[in-house]
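> Single-letter residue listing:
Protein chains: 2
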Amino acid sequence: MTTKTSTRCRITKSDLKVPFVEVSLSNGERLELYDTEGPQGCDVQTGLPKRRKEWIAEREARGDQCFTQLHYARKNIITPEMRFVAIRENVDPEFVRTEIASGRAIIPANKRHLELEPMIIGRKFLCKVNANIGNSAVHSSIDDEVEKMRWSVRWGADTLMDLSTGERIKETREWIIRNCPVPVGTVPIYEALERVNGRPEKLDIELFLDVLAEQAEQGVDYFTIHSGVRLPYIPMTAKRTTGIVSRGGSIMAKWCLSHHKENFLYTEFDRICDLLRKYDVSFSLGDGLRPGCLADANDEAQFAELETLGELTHHAWERDCQVMIEGPGHVPLHKIDENMEKQLRICQEAPFYTLGPLVIDISPGYDHIASAIGAAVIGSQGCAMLCYVTPKEHLGLPNKEDVKQGLMAYKIAAHAANVAKGHPGAQDRDDALSRARFEFRWEDQFNLALAPQTARDYHDQTLPAQAAKTAHFCSMCGPRFCSMAITQQIRDMVDDKASPSTLAQDLRDKSEEFRAAGGSIYVEPKPR
Amino acid sequence: MTTKTSTRCRITKSDLKVPFVEVSLSNGERLELYDTEGPQGCDVQTGLPKRRKEWIAEREARGDQCFTQLHYARKNIITPEMRFVAIRENVDPEFVRTEIASGRAIIPANKRHLELEPMIIGRKFLCKVNANIGNSAVHSSIDDEVEKMRWSVRWGADTLMDLSTGERIKETREWIIRNCPVPVGTVPIYEALERVNGRPEKLDIELFLDVLAEQAEQGVDYFTIHSGVRLPYIPMTAKRTTGIVSRGGSIMAKWCLSHHKENFLYTEFDRICDLLRKYDVSFSLGDGLRPGCLADANDEAQFAELETLGELTHHAWERDCQVMIEGPGHVPLHKIDENMEKQLRICQEAPFYTLGPLVIDISPGYDHIASAIGAAVIGSQGCAMLCYVTPKEHLGLPNKEDVKQGLMAYKIAAHAANVAKGHPGAQDRDDALSRARFEFRWEDQFNLALAPQTARDYHDQTLPAQAAKTAHFCSMCGPRFCSMAITQQIRDMVDDKASPSTLAQDLRDKSEEFRAAGGSIYVEPKPR
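Those sequence lines, one after another, are chains E and W.
Note that the first sequence covers residues 0 to 527 in numbering that gives the first Met the number 0.
Note that the second sequence covers residues 0 to 527 in numbering that gives the first Met the number 0.
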């Protein structure tokens with residue numbers, strides 16, 4: 000038996016160059032893992048290769064007016080974006096097309112984001128994770144933000160939201176998009192608010208459409224738009240424990256109160272659709288009235304807004320726009336079902352995109368864990384994308400380590416959801432890692448892990464020697480007694496096809512052999 | 000309005016000196032939190048005060064032969080231990096008695112653990128968390144182990160398992176128990192194995208009973224005993240991906256195979272019961288055949304053993320012994336229900352005590368999170384105690400920071416379960432923290448958090464100034480715009496008792512006022 004090396008490397012597949020991480024195990028097994036990290040080694044000034052350039056050029060050349068994937072799907076066209084995600088998800092392209100045509104899935108892919116590696120969001124596909132980045136009032140530089148973006152996709156972020164609110168907001172976004180392999184989302188009302196010097200009552204639809212047009216032209220793939228914060232719902236938040244916690248929601252609530260008028264993002268929704276369809280910017284209909292604590296979960300205000308989001312989903316679909324729906328927030332475990340059930344029904348199965356939810360409120364400093372619990376549960380029920388929460392949630396601005404912690408918690412939640420949904424092949428990686436664990440193939444375990452180097456480092460803290468990585472024991476039980484080894488003996492004893500009575504006889508025979516052989520279960524590992 | 004200080008301090012209640020942490024908030028509110036940390040400032044050499052000394056002396060003086068809480072409960076006696084936990088859990092002592100009498104709850108309380116602050120494990124009580132400590136092959140000292148114990152109870156461990164396998168195992172345990180305010184559990188087969196130089200086939204019931212007697216005499220409160228690993232079940236593990244992963248399970252499997260005999264912990268179960276009832280050591284019936292990976296979850300071997308644990312529960316109850324049942328391990332989210340449902344039915348509602356379960360296998364380095372997800376879900380379904388998992392699981396030995404991380408993840412899971420079960424008052428702390436969050440009472444938030452200092456430190460990383468702790472904004476949105484503040488305005492506008500039409504009129508009026516006042520929502524915080 001030749002011993003192979005355990006390796007992990009990037010590959011691409013098909014003429015579309017769909018990226019994967021290939022893990023080759025020391026026993027000859029091979030796994031292809033979904034890869035979000037994008038092309039490596041590109042200069043920030045140049046940006047990533049413009050892989051969608053020709054695809055879009057063709058559509059513009061033939062004079063298309065509506066560029067949405069929904070539009071093409073409805074016309075029975077399988078776009079290169081659909082082919083790309085079909086290979087990524089290992090499904091049939093026609094399946095991708097029908098899911099998009101029905102509105103159950105979206106491919107956020109602005110025609111100006113040529114650097115994008117297309118991905119799909121929908122509950123019949125792999126559950127996705129979003130990471131938020133963005134400078135805030137305090138500090139930031141463009142290099143910092145590009146580095147944060149790269150760091151996020153390195154740890155598996157499927158999309159990124161740029162929530163910058165400070166200066167040079169447009170320039171920062173430009174650099175991020177030109178270097179970003181995953182869809183970029185924004186909350187355009189933040190930039191609109193900057194333009195009116197932070198005075199919500201000065202906002203209007205013309206200004207807002209200007210901001211949308213500029214951001215769409217830059218290549219933003221999806222916009223959070225708080226069209227569901229309707230005037231009559233605002234008083235419903237008065238008795239809440241934490242009122243309105245969405246910044247976008249509170250901006251629009253303030254506008255509505257100042258003017259005593261209906262939200263212009265609601266009344267002018269069709270104009271917004273008309274702009275978005277020209278670029279194929281997807282709607283992420285914001286939940287401006289989401290609960291900010293357990294006490295406010297599933298209340299009248301939240302579900303009233305959800306009804307409106309359902310109505311707007313229908314409008315957007317009529318105008319060929321792609322839509323997903325944002326959800327809470329803070330929801331105790333026993334109230335999660337109702338969110339998912341209502342969202343699917345009211346929004347006609349448009350993809351759901353939740354922030355956690357946190358299942359308790361008393362864990363500042365550990366809210367990535369409290370929310371990953373809710374995220375895993377709602378993901379297993381069909382939530383299509385999970386917006387991460389970092390350990391700094393409610394306390395401060397996340398640094399790089401916080402971003403990694405948040406992403407790890409959410410990659411776990413999303414994977415747990417995929418396994419629970421019975422997503423084809425989702426458990427293959429777990430099974431491969433478990434076999435490696437049973438056979439003490441340490442490097443294979445590390446290479447299959449969500450964070451290989453972290454796993455390797457933790458292992459080395461207790462047993463640093465390289466020899467320990469090929470040892471047939473681990474630091475928990477030590478070399479003297481290992482529970483895994485005995486199973487190997489049991490396995491050796493039991494013939495796969497034996498009848499129960501033969502098994503019993505076998506066990507008696509083997510019991511003799513075992514004792515005769517000295518009854519030792521620990522076998523000295525051979526040097527490789 | 001006088002401004003009070005936010006404080007957090009220890010108090011005790013009643014003549015029984017039941018410990019609580021009292022949090023006094025700056026708005027005058029006051030909360031009592033469950034406290035596991037035990038009496039402070041005691042010298043290790045002296046040990047904790049022997050608070051149960053007189054309770055036990057009385058029972059011994061009157062010549063009791065059976066000391067179990069189950070025995071007393073069945074005789075309609077409400078013991079001081081029952082009164083103690085009733086105050087701790089804020090329930091009626093008679094309710095505690097009936098739950099114990101029915102076997103649905105246990106108070107692990109060896110009559111020789113006089114330092115114990117009694118606690119109860121049962122699904123109608125607060126969900127509990129166990130932390131494992133113990134030296135292993137490599138390093139350890141007694142001081143280290145006592146310090147680990149103190150560190151664990153500081154972060155909320157409700158019970159501790161001492162899994163030491165190295166030298167001076169008995170002496171280490173003595174120091175731990177004399178200084179430990181929470182129940183201590185062990186897996187006595189580990190010590191028994193040490194006595195036969197690590198050769199399982201040399202084990203027998205006499206040796207095992209000797210070990211039990213010594214440990215019981217020291218004051219161990221519960222024993223994990225793998226009586227369910229029956230000979231006919233062992234071949235069922237042969238086709239598993241990871242075979243037998245429980246050390247106790249594999250020790251007994253090896254014994255059974257070597258002798259081709261039925262497990263002596265099963266055949267001699269009644270003798271074990273007779274010993275345990277003399278001290279009131281509770282059974283923690285071990286799941287020696289628990290799955291070690293997703294692929295093996297809910298399989299024939301696991302559920303065959305569970306049937307036997309159900310049978311043994313009945314036996315133990317007949318002999319007045321208290322029992323809980325250990326459970327998995329590794330279970331994907333969609334297969335957790337079946338575990339809880341089967342355990343409740345087969346074991347006639349005896350408390351369930353699970354290890355996680357981990358809901359995925361690919362997260363080495365982050366298994367505390369992957370398992371906290373499973374723990375929260377099974378806890379919400381009625382699992383009574385959750386054995387924690389640290390970030391080092393599957394990789395190495397946990398250090399102090401790992402222990403804290405594991406406990407935080409599990410305190411979150413247990414609290415999420417309590418809230419989801421609708422446990423009376425469980426959400427009060429969340430609601431108090433949310434109100435503090437809404438009102439920017441930062442010190443109140445910290446004092447209500449699971450880890451106050453961690454929350455404070457994280458906050459300080461972004462906004463170190465003391466002034467920021469009284470500021471009416473946080474670092475996420477900055478001082479310029481804060482979503483919480485607008486709700487306060489909405490609240491001011493809406494009269495609690497107004498009819499909908501009045502509300503609408505109010506809104507119009509207030510809208511005018513608001514604009515007239517400059518439309519600013521940010522109010523400069525007054526120095527306190």
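Because the hints were derived from the structure by calculation, they are not lab data.
Among the clues, some could well be false.
Just so you know, same-sequence chains aren't split out, so a pair can sit in one copy or run between any two.
Claimed, not checked - Taking lysine-lysine and the DSBU-like style, the derived pairs with C-alpha atoms no more than 35 Å apart in a straight line are:
1) LYS260 <-> LYS12
2) LYS169 <-> LYS334
3) LYS49 <-> LYS341
4) LYS49 <-> LYS334
5) LYS123 <-> LYS238
6) LYS238 <-> LYS420
7) LYS238 <-> LYS3
8) LYS399 <-> LYS74
9) LYS260 <-> LYS49
10) LYS49 <-> LYS238
> Are the hints correct? Go through all of them and say.
Hint check results:
1. LYS260 <-> LYS12: neither (53 Å within a copy, 56 Å between copies)
2. LYS169 <-> LYS334: Intra 39 Å, inter 48 Å, cutoff 35 Å: neither.
3. LYS49 <-> LYS341: This pair counts as neither: shortest intra-copy Cα distance 40 Å, inter-copy 56 Å.
4. LYS49 <-> LYS334: So LYS49 and LYS334 fail the 35 Å test inside a copy (44 Å) and across (44 Å) alike.
5. LYS123 <-> LYS238: between (38 Å within a copy, 32 Å between copies)
6. LYS238 <-> LYS420: between (37 Å within a copy, 25 Å between copies)
7. LYS238 <-> LYS3: between (65 Å within a copy, 25 Å between copies)
8. LYS399 <-> LYS74: So LYS399 and LYS74 fail the 35 Å test inside a copy (44 Å) and across (60 Å) alike.
9. LYS260 <-> LYS49: neither (44 Å within a copy, 70 Å between copies)
10. LYS49 <-> LYS238: Classified as neither; 51 Å inside a copy, 50 Å across copies.
Consistency with the previously given hints fails for numbers 1, 2, 3, 4, 8, 9 and 10, ordered from lowest to highest.
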